[in-house]
Amino acid sequence: MPIQRRQFVAALGAGAIASTAGCSSLGGGESEAAGVSGETLTLTTTTSTYDTGLLDAIHTDFEEMYGVTVDAVAQGTGAALESARNGDSDVVMVHARGLEDEFMRNGYGVNRRDLMFNDFVIIGPESDPAGIQGMGSATEALTAIADAEAQFVSRGDNSGTHTKELNLWEAAGTDPGGDWYQETGSGMGEALNIANQQGAYTLSDRGTFISQRSEIDLTILVQGPIEGGPEILANPYGIMAVNPGVHDNANYDLAMAYIGWITSPGVQSSISEYQVNGEQLFFPEAVSEDPDFQQYVPEGWSSDSSDE
Amino acid sequence: MPLEPVVPLLPEVLGGPTHHHLPLLLDLSFREGYVRSIIYVSLYVSLTAVALSTLFSVPVAILVGFSEFPGKQFVKSVVNTGMGFPSVVVGLLVLFAVSNQGPLGSLDLVFTREAMIMSQFVLATPPITAITLAAVSGVDDGVRDAARALGGTRLDVALVVLKEARYGIATAILAGFGRAVSEVGSVLIVGGNITGADGISKTRTLTTAIQLEARQGQYETAMVLGAVLVALVLTVNAVVVHFGDEGVAG
Chain A
1 MPIQRRQFVA ALGAGAIAST AGCSSLGGGE SEAAGVSGET LTLTTTTSTY
51 DTGLLDAIHT DFEEMYGVTV DAVAQGTGAA LESARNGDSD VVMVHARGLE
101 DEFMRNGYGV NRRDLMFNDF VIIGPESDPA GIQGMGSATE ALTAIADAEA
151 QFVSRGDNSG THTKELNLWE AAGTDPGGDW YQETGSGMGE ALNIANQQGA
201 YTLSDRGTFI SQRSEIDLTI LVQGPIEGGP EILANPYGIM AVNPGVHDNA
251 NYDLAMAYIG WITSPGVQSS ISEYQVNGEQ LFFPEAVSED PDFQQYVPEG
301 WSSDSSDE
Chain B
1 MPLEPVVPLL PEVLGGPTHH HLPLLLDLSF REGYVRSIIY VSLYVSLTAV
51 ALSTLFSVPV AILVGFSEFP GKQFVKSVVN TGMGFPSVVV GLLVLFAVSN
101 QGPLGSLDLV FTREAMIMSQ FVLATPPITA ITLAAVSGVD DGVRDAARAL
151 GGTRLDVALV VLKEARYGIA TAILAGFGRA VSEVGSVLIV GGNITGADGI
201 SKTRTLTTAI QLEARQGQYE TAMVLGAVLV ALVLTVNAVV VHFGDEGVAG
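Keeping their order, the protein sequence lines are chains A and B.
Heads up, the first sequence is in our numbering, so the first residue is 1 and it goes up one at a time.
Heads up, the second sequence is in our numbering, so the first residue is 1 and it goes up one at a time.
The shape of chain B in the complex, shown without the other chains (with noise of 0.2 Å):
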């Protein structure tokens, strides 16, 4: 799990100041936790969808990317389109897999988070497989060429093309972060924005918080969280990038 370096470091960075410097600013009635739940709660669900997303993404495209077979235009078609597929849409098909009457039903996992790592693993798949295909396609022909005279396996050819394009995948892991980690439609849907009575958010996350705030008219509080929001993406951005570059240095 990619979770357990990031989510003790975040709240320093993020909960800390929300804590302790906004209130001066705006009258936040927040609890002790709060805000550092609905962040681990965001953090939680999409990374983890993101990453099993990568995991069947990647290959995928890697897979449709080395091979010609008739038809693949129109799978890019079909994956660009999942790009734009509205996230209320898709909450409303996981609902349906995981509601009690659904096929899942029996697994009972309406208003959880696994159901809400369903539904976002489905809107960030698009773009993964996506931006990964075109970074593959990309790969100079030349580059592919060169390994394959060099006497590479597929295997040695495939490695080479993934360095050669590990910019576009990084890109590609993070466009899908941003589509996981900033859509309300379907993990309010099918995960509930629920909070437990002691203030620690069960399912609730940044952006079913920042909804929440909205339906009852606070919008400065709804402001706050979204600013809280950006900081976390350009975050994880930020230590995408600094890792991306490490990797080239080393």
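Just chain A, same shape as in the assembly (with noise of 0.2 Å):
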């Protein structure tokens, strides 16, 4: 009795197999068997993790292992953001919380996860006609820079860093203006070049400004907090995938892959290796003992406020 009934347990088993292989064969014949090999998964994402080289020297492993293809898009949180919202992207990676949480709040994104940060610094001219070298505090620097009317370069296109500094400006009380006030509209490479001809201040992420120090004259006169500066000029990204029930194009299985894989440690101790000119630019923080929850909603929400 036991022999017959494993045997009819096995040939069940097989019957299952045979039955799960006859459909799988008929009902996936051009998938692979990973289910999304061959697909493309199309991220947008910020000028900053993309110029500084970030993104190509990861996404190799990414797409060896899930045999896909990944087309990052560099346009600026603002834009990145945009092309989310008209569907166009399957995952985002930007930098400007305040940002981000309107795009979930909308119900565009779903599943944030913080992936990494590095500061923001201001940078400008070593003779300093403003002062500010080694101020603590960011919006006393912007103050003294308004006060002397010295010559600021914003990059004034809608981007993670542009709505930092005018985060700033606000928080500094000061509503930036007149001559010595440049919106370029540019990208932050731009914006330092532009800033290094003029001998003009600037905001810029620690980034971008690393992996062009060699080409320019400008130095950095208030640090972020990596270098011990104000906790005001953080510069967080985070990663959100596209929200399927909005835009049923979104390959958001890929997308989920992605930010599996972005935030794991492997990946993400790959992303503090990540060297330019011998310095780390990116900190990860996606894998932690004590995760933070306010990752997961929109900034200062709690589940007993009737925040929405």
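In case anyone wonders, no lab produced these hints; they're calculated from the structure.
Using N, Cα and C, we set each Cβ at its ideal position, and we do this for glycine too.
Incorrect hints may have been included.
DEER-style ranges, computed between Cβ atoms [said to hold, decoys possible]:
| no. | chain 1 | residue 1 | chain 2 | residue 2 | range |
| --- | --- | --- | --- | --- | --- |
| 1 | A | A171 | B | G33 | 44 to 52 Å |
| 2 | B | P86 | A | D248 | 31 to 39 Å |
| 3 | B | M223 | A | E126 | 25 to 33 Å |
| 4 | B | V240 | A | D217 | 31 to 39 Å |
| 5 | B | A231 | A | D179 | 36 to 44 Å |
| 6 | A | S269 | B | T81 | 56 to 64 Å |
| 7 | B | L52 | A | E231 | 53 to 61 Å |
| 8 | B | R31 | A | G260 | 26 to 34 Å |
| 9 | A | V246 | B | L92 | 39 to 47 Å |
Take the two lone chains, each set in its own frame, and fit them into one complex as the hints suggest.
What follows is the structure, encoded as structure tokens:
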């Protein structure tokens, strides 16, 4: 009896396998075993992650692991979120928490994770006409620049860095304007070059500044939190999948695979090992013994507040 | 496809020197195959767009040139205005069309070469139409009358006019190619300037590569790529002029 039962179970198992095999060969004729192989993941992201070369350095690993292609489109935070809003990308990696929260609240993004951070620094000429060198407060430094009417170059492009700059001016209680304040509408690298040519101040993410430092004469005058500067200059990057409930053509499976991969311990350590000119550009923060719940929800949200 | 013979040749002419000679002058940190792949994408997109545009524009120009109808001047004005249409605006319109939310959204064309071909088609069509129209209209009426007097059908007359106007039409096609290959606004928006992690371009053209280098403040590298672009346009023009002359000799 036990033998008979075992045979029956075995027969049942074999039948189940055979029928599953039949199903998969009938139903998934063109798809590979993994189901995602050969697909393309469209990532819209900021110029700072792309132009520093980080994504090219790590993406090969993901592409080989899943047999897929990652199309990274570097657009600046505002445009990257807009592409995702239109359903033209599958996953977004940006650095402006306020805009990310708005994106999630409007239902376009799901499954946000903190990814990594670096910081912003205030850059300027060595001569430092506004005398801000070594100031411990970013807002005081900006106020000093405004008071001295020293040249300041703004990105003016709705990027994460531009958003941060505007927040800083607001926090400083100053409304920048006048001949000394120029909106360039350009990428960070171009803005640094323009500031360099004019001996102007500007706000830069540390990564882009490091990768370009050898070509310009500007120097860091106010440090960010990585070098002990004020916390207000922190530059955290987040990653979100496009909500498949809003855009049914979004490649949600692959987007989640990507988010899982990039927040994994192995890739997080690849991010911390990535260097330009001998300096680390990004500091991973996805892997933690004590995860920050605020990463999953809009900032300041709490379950017992009627926040919505 | 006119691409097949051109593309394998060009990396020898252009990609070769960029890889082997220029790094001695400038520190170009491009990976093997990168410059070749962006030249390939530039040529693939612009030549395809210009070929499609030529197939559309030349018959339209001949039709308009050969017929008299009320509003002909207005049509000409519209076409001439199209020559000055900003590429950024064309890019936005094509993006609106191919974006997931747009009328062609289901085709999944955003950030692809096909979308770039669409926008360059829109950009190249007005100059090709307008210059072809001018060339066809410029053919001496006597030639037309002679062809007709010799008992030629409408088609015969058209072929005679085409032959007379061939230099003008070649100029039209080259002008369209020049407009397509040198524009940066629309391909950046609809193509996304994508290069794979392996350093091989998917939708990055020479112009968007130049824009990327400029954004990063790498002006010297941008200039080198600009020189490659100029050399490329020069080569295409030389090839067309060469075959044009051969055609006359034969």
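message: Hints numbered earlier in the text: which of these fail when held up against the supplied structure?
response: 4, 9
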